[in-house]
Amino acid sequence: MCDAFTENGHEVELVIPDRVQPDDAPDSVEEYFDSPINFEITRLPCIDFLGSSSRQPLLRFAFYLQSITFTLAALAYTLRSDWDWLYSRGLLFAVLGAPLFGDSLAVELHRRPSRDRVAALLGRALEHTCGVVVISEGLRDEWRSFTNAPMLVAPDGVRLDRFTIKRSKSSLRTELSLPEGELVCYAGSLKQWKGVDTLVEAAKDIPEVTVCLVGGTAAQQDRLETAVGTMPSNVEMVGHVHPDQVPKYLAASDALVLPNTAERAISRRYTSPLKLFEYMAVGRPIIATDIPSLKEVLNDSSAYFAPPDSSSSLARSIRQVLDDPDASKVARHAREDVKQYTWKHRAESIVDFLQIGV
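Just so we're aligned, residue 1 is where the sequence shown starts under full-length UniProt numbering, counting upward by one.
Some hints here could point you the wrong way.
Distance condition first, Cα-Cα at most 27 Å in a straight line; then the derived DSSO-like pairs of lysine-lysine [unchecked claim]:
1) Lys329 x Lys169
2) Lys339 x Lys169
3) Lys204 x Lys191
4) Lys329 x Lys339
5) Lys339 x Lys166
6) Lys204 x Lys169
7) Lys166 x Lys191
8) Lys295 x Lys339
9) Lys166 x Lys344
10) Lys295 x Lys344
11) Lys295 x Lys191
12) Lys166 x Lys329
No lab work stands behind these hints: they were computed from the structure.
Only a predicted model underlies this, so the values are computations on that prediction, with no experimental measurement involved.
All chains, full assembly: derive it from the sequences and hints.
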């Protein structure tokens, strides 16, 4: 989004916490994304020992401590800095910053607090800002119960150039050490609400198809393996890869899967998955679960749908797509649709909504 705001003619400064980095972390944002950036990055101090413990109570305490100390540092920095408007995704920054910055502050929300009392408190604070951006219609409808603040639905987006891959599947599979034959891919977090457990169970019903899982932390992989018991031999867990490699895995596949669960509101109503737009951009057929959050973007012309949380139904849908001679037409339709979901277009919509520069 910082690049996208810059492309729309704005000078941008990204303010982030100066967190403890692992030994194998890249030295810079440019190195991580393997491309230059056109905005300034400021790192502010915070108390960070998130990586020093794996025990859940300590992790929760460490998260809140890091969030609070960074937010206080960000407020202090912002009060003494020169800027025209602020754009924040931090809930705590929104609550504390709204009385200070008023209609110079815009807030982007990707979820709602689990407690209604907290959501109501934040909702009142949001009414003092210049506007609120949410990533889905379901999330907008939820927040409408707590605030009258001006609100824009702006789904997430994609950089089309990063996902335009002109190489053959065969050459990509050779580079990535992927097998020949039928292959479907999931790329993203391995959290339970993402539906990966259902996908792995579905793999047991289609042993002739390689199911490639790209992404996930070691802890998420351990959780998944524990949840499903014996991992099917046709499931290939690749783990975390560099961002530049993700488009290659997607383009090397015959189809791409979005198996989100319907059991949790964050999946069913609120989410706007980055992988959704990346799947559309790469031009491979998509199998998605039939839930409202995904159907805000996808339709019967751009994707195939399976009932959520049913491994047998998902397996049948995967088999159907791999056997469908018209699947490439559906993929091309998705590729055309995603052109309205670029980061640059999203930034333009946000700027217009907030009347920035007017």
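Hints and how they fare:
no. : hint            : in the structure
1   : Lys329 x Lys169 : holds (17 Å)
2   : Lys339 x Lys169 : holds (23 Å)
3   : Lys204 x Lys191 : holds (20 Å)
4   : Lys329 x Lys339 : holds (16 Å)
5   : Lys339 x Lys166 : holds (18 Å)
6   : Lys204 x Lys169 : holds (24 Å)
7   : Lys166 x Lys191 : violated (31 Å)
8   : Lys295 x Lys339 : holds (17 Å)
9   : Lys166 x Lys344 : holds (23 Å)
10  : Lys295 x Lys344 : holds (22 Å)
11  : Lys295 x Lys191 : holds (21 Å)
12  : Lys166 x Lys329 : holds (17 Å)
Hint 7 from the earlier list is the only one contradicted by this structure; the remaining hints agree with it.
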